[in-house]
Amino acid sequence: MALFLLLLAGAYAAWRIFAGYAPSPAGVGALASREIGFLDAAADALFPPGGAIPFSGRDAEIPRYVDAYVRVQPARTRTLMRLLFFLLEHATLVFPAPGGVFAGRRRFSSLDAEQRVAVLEGWRTSGLFVRRIVFTSLRAILTMGYFAHPGVLRALHLAPLAIQSPVCDADLLYPRVGAPPSTIAYGADDLTPPSDGTPLDPYGPLDPRFVAASR
Amino acid sequence: MRHAGFAGEVRVFAEYADDFREEADVAVVGSGPGGAVVARELAQAGKRVVLLEEGPPIPPADFELEGSRSMARTLREGGLRTTFGTVMPTMQAICLGGGSLVNSAICVRPPAFVFDAWSERFGLAGTTRAALDPHYEAVEKFLGIGPTPEDVLGPRNLLFKRGCDALGYSSEPMPRNVRGCRGSGECFTGCRSRAKQSMDISYVPAAIRAGALVLTSAQVQAVRVEGRRATAVVGQVVEPFTGRTGHRFEVRAKEIVLAAGCMATPVLLQRSGNLANGSGQVGENLQFHPGVAITGVFDEPTHPQFGATQGYQSLHFLDRGFKLETLWAPPGVLAVRTPGFGLALKQRLAEMPFAATWDAIASCHHSLGRVRARRRGLDPSLTWQLDERDVPILQQALWTLAEIFFAAGARKIVPGVHGIPEELESLREAEVIRTKPLRGSHLVIGGNHAFCTTRMHGDPKQGVVDELGRCHDLDNLWIADTGVFPRCSSVNPMLTCMALAHRTAGAVAAQV
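Which chain is which? The protein sequence lines are A and B, in order. Position 163 of the first sequence, counting from 1, maps to 163 under the numbering used here, and the rest follow consecutively. Take the position in the second sequence, starting the count at 1, then add 1000; the result is the number in the numbering used here.
Where hints are given, some of them may not hold.
[To be verified] Simulated restraints, written as ranges between beta carbons of each label pair:
| hint | chain 1 | residue 1 | chain 2 | residue 2 | range |
| --- | --- | --- | --- | --- | --- |
| 1 | B | GLN1347 | A | ASP189 | 50 to 56 Å |
| 2 | B | LYS1461 | A | GLY27 | 57 to 63 Å |
| 3 | A | ASP201 | B | GLU1239 | 51 to 57 Å |
Derived from the structure by calculation, the hints contain no laboratory data. Yeah, the Cβ is synthetic: ideal placement off N, Cα and C, and Gly gets one too.
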């Protein structure tokens, strides 16, 4: 009987932790669907629709950004980031959110919008330095993801401006990263005068790569 | 591959087809400000130089304009390195040119009192400001270091000047290794204008022109020794960005100069059998310039994306332990400081075009740490503790920044200090920054600049290198990065690192 109860409790805990998440969107691979679910909920709490910037965290596809960001991190950092997401997603099972014993004791992504904000606010203003650091880490990742969306930068008039890079000595020496020297596009005849220090126009055209990426 | 007009050559990842060996007069490990200067000076002196760099060269076409992606590519540990003890972010570059590719080009000579303390406390009679001035001059001339021109300062730098002027605090345009700055504010992600004279476009090409062989994507993993002599460095080729290791190499040399950086050189020594550590000081004495910052919001637009990244500074309070600077960074990185949630947060972020962020770096001599090799790999384990005796310096710096903001006309400031209101709308409200008893854990700090982990000392029992940079325990092993500083430099360290490296290069040349 005891074994049965133990198994039942284990199955329940596993269900609470792993089950019931929507499948990850296409192209997302480094993070599990439960992590994407958490990030989506946290992004929505931090950057909801409406307000002064016409993009929400979901519009900015923060979970997709984080997935790509995690992918390029060293293994140790990847593990720490995923532990961070796990901790914040499931901490409410132990330390419930406001709203009652049952309504508050759900994983973060299952809470309603007000509860999510309350939970994150609890981490942010905690008297414990470690809890504040946990929140700061999450906020850093989500905020960088929000600003990685070209539309957000454009809405804030902070998008990079167009700059034509002069061709200097060094450009005759180095190929693009990963490419062989035979691909170096420049020779001595291609050298251009160095920058003359003409100030950029803050209202000037945006970087073409950026404009293309914004569409 | 050899290039017309260049006596030397550079090799990149795609060229390594097999294990290889090289012979040199001097092997230099690390192409940041220390290593690049040594390599150029020695190549210019006619020595056969091999410069080894773990990262790749990154040309403008590979610059990432978005902050976090740029950090993931150009910084070790994806740009997410932190200290233990007091948790604080810090960073180290992994690319040709080292930190100079992604720093804001600040080149400041420390005042004489910094060197007075170095010479008196660490037995370094030859390391005075006057003795180093010729080396500073040589580097400044080569890189064209000068004050930031007024027409590329932009409002957020000029507002700082306005505030300092109103309060009678001295301030000045930032001296930088930049020629033809256009005010793109992109120093931290790579200068697309090719104006910043980072090592990859200045000293390293000059070294190649003078005959140096530059091996990029070459990770040095150990130094070989025989008796009191270092004989070679060994390591593996690493794939850019992924860090996957491949072919092995050995570079044998008469003299070996380690300039892998204050957080990597000690690990290399520890990985090489606790080399050069008769003093027990390798990896010890880790110091930073902990930094704090405040954002202010003005009524008029500040066009923060325009203007030199860090174009203005005040040395007014240097003798009280802090230096003040203007600051811009990729917006997503700066926005991390913005408090709040939801629509209120979005409203605050929408004020960024009217905002300026200014920071202070502090000389926290009581706050020390250490660098240790991890069980695997070459990334360090960093332990560092902000000493409560240093907190009043940071608190005073924050208060001074608040004063300057309101004197410049800010309508509110965002101090980012735990236990203090998120926004303060007058100097009177800001008094709380000065009066509230603060602890280190209330502050959000960043670990700018790192020093002292292989410090120079006149006494071999108390330091790793002598004042020319040679290891006390070995006849031909040298160190030329900020690890040799005996204590922090009170100002941004790049120029001093280069000046000391210039002096070290002269000593190495005399010995080869």
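Do the hints match the structure? See the list:
The beta-carbon spacing between GLN1347 (chain B) and ASP189 (chain A), approximately 53 Å, falls within the hinted interval of 50 to 56 Å. Distance hint for LYS1461 (chain B) and GLY27 (chain A): a CB-CB separation of about 59 Å, consistent with the stated range 57 to 63 Å. Look at ASP201 (chain A) against GLU1239 (chain B): about 40 Å separates their beta carbons, and that is not inside 51 to 57 Å.
When each numbered hint is compared with the structure, a violation occurs for hint 3 only.
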